[in-house]
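Asks: Start from chain S and add chain W according to the hints.
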Amino acid sequence: MKKTIITLVALAITSSQLLAQDKYFTKTGTIFFECTKSPLEKIEATNGNTTCVVDTKTGNMQFAVQMKGFEFKRALMQEHFNENYVESHKFPKAEFKGQVSNNGDINYAKDGEYTAKVKGKLTMHGETRDVETSGKVSVKGGKVNLLATFQILLSDFKVSIPSVVSDKISNTVNIKVDCALEPLK
Amino acid sequence: MPSIRLQLFGILFTLTSLSSYAQDEDLLSLVGDDKPKKEHVDYAFKSSRVIMSQSMELIRPGVMDFRILHRFGSIDKGAYEMFGLDNATMRMGLDFGITKNFMLGVGRSTNKKEFDGFLKYRLVHQSKNGGLPFSVVVVAGGTLNSLKWADTTRKNFFTSRMAYYGQIIIGSKLSESITLQVMPTVLHRNLVPDFADPSDLIAVGVGGRIRLSNRVSLTADYLYRVNPNKADGTRDPLSIGFDIETGGHVFQLHFSNALGMNERSFLTETTGQWGKGEIQFGFNIMRAFQINKKEKKNK
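Chains as they are written, first to last, in my numbering: chain S, 78 to 262; chain W, 5 to 303.
Don't read these hints as lab results, they were simulated from the structure. Any given hint could be a false lead.
In the DSS-like style, the derived pairs of lysine-lysine whose C-alpha atoms are separated by at most 25 Å in a straight line are [what the hints assert, rightly or not]: (1) LYS104(S) with LYS234(W); (2) LYS262(S) with LYS41(W); (3) LYS145(S) with LYS81(W); (4) LYS145(S) with LYS42(W); (5) LYS280(W) with LYS150(S); (6) LYS159(W) with LYS145(S); (7) LYS41(W) with LYS119(S); (8) LYS167(S) with LYS42(W); (9) LYS174(S) with LYS119(S); (10) LYS159(W) with LYS170(S); (11) LYS116(W) with LYS167(S); (12) LYS41(W) with LYS174(S); (13) LYS104(S) with LYS170(S); (14) LYS170(S) with LYS104(W); (15) LYS213(S) with LYS253(S); (16) LYS217(S) with LYS187(S); (17) LYS170(S) with LYS217(S); (18) LYS42(W) with LYS170(S); (19) LYS150(S) with LYS104(W); (20) LYS104(S) with LYS41(W); (21) LYS104(S) with LYS42(W); (22) LYS150(S) with LYS253(S); (23) LYS80(S) with LYS134(S); (24) LYS41(W) with LYS167(S); (25) LYS170(S) with LYS41(W); (26) LYS132(W) with LYS145(S).
For reference, chain S alone in the conformation it holds in the complex (with noise of 0.2 Å):
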């Protein structure tokens, strides 16, 4: 009788363990974007607090960063990004649900370098599409790095430019994502 009870406890005690152990996050992941036209003109910015969430069992994963935190090199730039562009009082999160759909092909367990494919829909400034790359998971001493490039169209995501502005701005950007994940406990 008390057996049976001590098995229950530790059986419902480590399977809720093994599937913690699936789950790996960070808070503090980066994201780098880039839209420069004109040379004379870097467009670019760094978040430094993306939030990421895989689950290596299903491969599903997410991504979520707060628009006001791009921080540019010039503070107008940076106004006029959350004020005139992505309007970020009205849409102040970017997300990414995805998957990666060779999951199989990466053992999270063991260190080495793995390609992933990853699926799954971006929601920015209120309009989601759909957006797939191929990135870069290297597993290391129990943790697990993420590293992807990937472009999309401000058009796609009805970001006006306007035509003073044409040809400092490019309607494709370059995102780079590298997020260092640790286990969720």
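Replies: Showing chain W alone in chain S's frame:
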């Protein structure tokens, strides 16, 4: 027998704990990313000035703001004076953002060849999801008239050229489109033109903006003077205008009964009356330069 029942219960229990990790859950909620965080409210005004007076906004650290202010002649002068455009006075100035909450500026107006300077510090920064819903900013400034002495036969003191002012701005960005502020102000003049003029002039200002689109706002500011010299024919200054943003510039186009472009001047030398059309067109142009292009290191 009870042990079998318990085992069954155990299997069920384990299954339940498994299924709680089912597909399509919101992974982000596991790390508490869904909670709103406290954050400062910024961009209450496009500029560090409403039109005439200081706004609750500061320029950012490392930014130098080059400001060119123009005031034309009174529009009631008619077509002969091109509705005032034949006459213009101006002020050129430089503002510097030192820290997030501190800036300063200097300028010179053609009117009275007057220099002015100010320090501006934010005591309270409006924030949402916790914190205070308004900002409190204090401004201290001075002006220096550099005209040649009108009367060289009497003893003139250098301090007579100077005036000082202090201001407290309490403002709130009530919504994305509406900002309002009040600004109690004291102006001290070392030398006043008339016995009836108060050395310490007290005024209470209000200013605000309505954002019409991403790049255009309607703005207004007005200062009510509590103890003016009633006999000298001066009025309370009122300005109404538009802020228009084009890339690196902000244009403030406005109509005002005040010609002055510093606190001493628009509080004590405004003579035009709105009701009589004694107002003039004016504009402020602001050009921001980033002077420290620091690389921000991210962890």
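Asks: If a hint holds in the structure, say so; if it does not, say that too.
Replies: Now the hints, each set against the structure:
no.: 1; hint: LYS104(S) with LYS234(W); in the structure: 63 Å, violated
no.: 2; hint: LYS262(S) with LYS41(W); in the structure: 22 Å, holds
no.: 3; hint: LYS145(S) with LYS81(W); in the structure: 49 Å, violated
no.: 4; hint: LYS145(S) with LYS42(W); in the structure: 12 Å, holds
no.: 5; hint: LYS280(W) with LYS150(S); in the structure: 49 Å, violated
no.: 6; hint: LYS159(W) with LYS145(S); in the structure: 59 Å, violated
no.: 7; hint: LYS41(W) with LYS119(S); in the structure: 30 Å, violated
no.: 8; hint: LYS167(S) with LYS42(W); in the structure: 17 Å, holds
no.: 9; hint: LYS174(S) with LYS119(S); in the structure: 29 Å, violated
no.: 10; hint: LYS159(W) with LYS170(S); in the structure: 66 Å, violated
no.: 11; hint: LYS116(W) with LYS167(S); in the structure: 47 Å, violated
no.: 12; hint: LYS41(W) with LYS174(S); in the structure: 22 Å, holds
no.: 13; hint: LYS104(S) with LYS170(S); in the structure: 14 Å, holds
no.: 14; hint: LYS170(S) with LYS104(W); in the structure: 24 Å, holds
no.: 15; hint: LYS213(S) with LYS253(S); in the structure: 12 Å, holds
no.: 16; hint: LYS217(S) with LYS187(S); in the structure: 8 Å, holds
no.: 17; hint: LYS170(S) with LYS217(S); in the structure: 30 Å, violated
no.: 18; hint: LYS42(W) with LYS170(S); in the structure: 15 Å, holds
no.: 19; hint: LYS150(S) with LYS104(W); in the structure: 15 Å, holds
no.: 20; hint: LYS104(S) with LYS41(W); in the structure: 13 Å, holds
no.: 21; hint: LYS104(S) with LYS42(W); in the structure: 16 Å, holds
no.: 22; hint: LYS150(S) with LYS253(S); in the structure: 17 Å, holds
no.: 23; hint: LYS80(S) with LYS134(S); in the structure: 31 Å, violated
no.: 24; hint: LYS41(W) with LYS167(S); in the structure: 16 Å, holds
no.: 25; hint: LYS170(S) with LYS41(W); in the structure: 12 Å, holds
no.: 26; hint: LYS132(W) with LYS145(S); in the structure: 14 Å, holds
Hints 1, 3, 5, 6, 7, 9, 10, 11, 17 and 23 from the list above are not met by this structure, while the remaining hints are.
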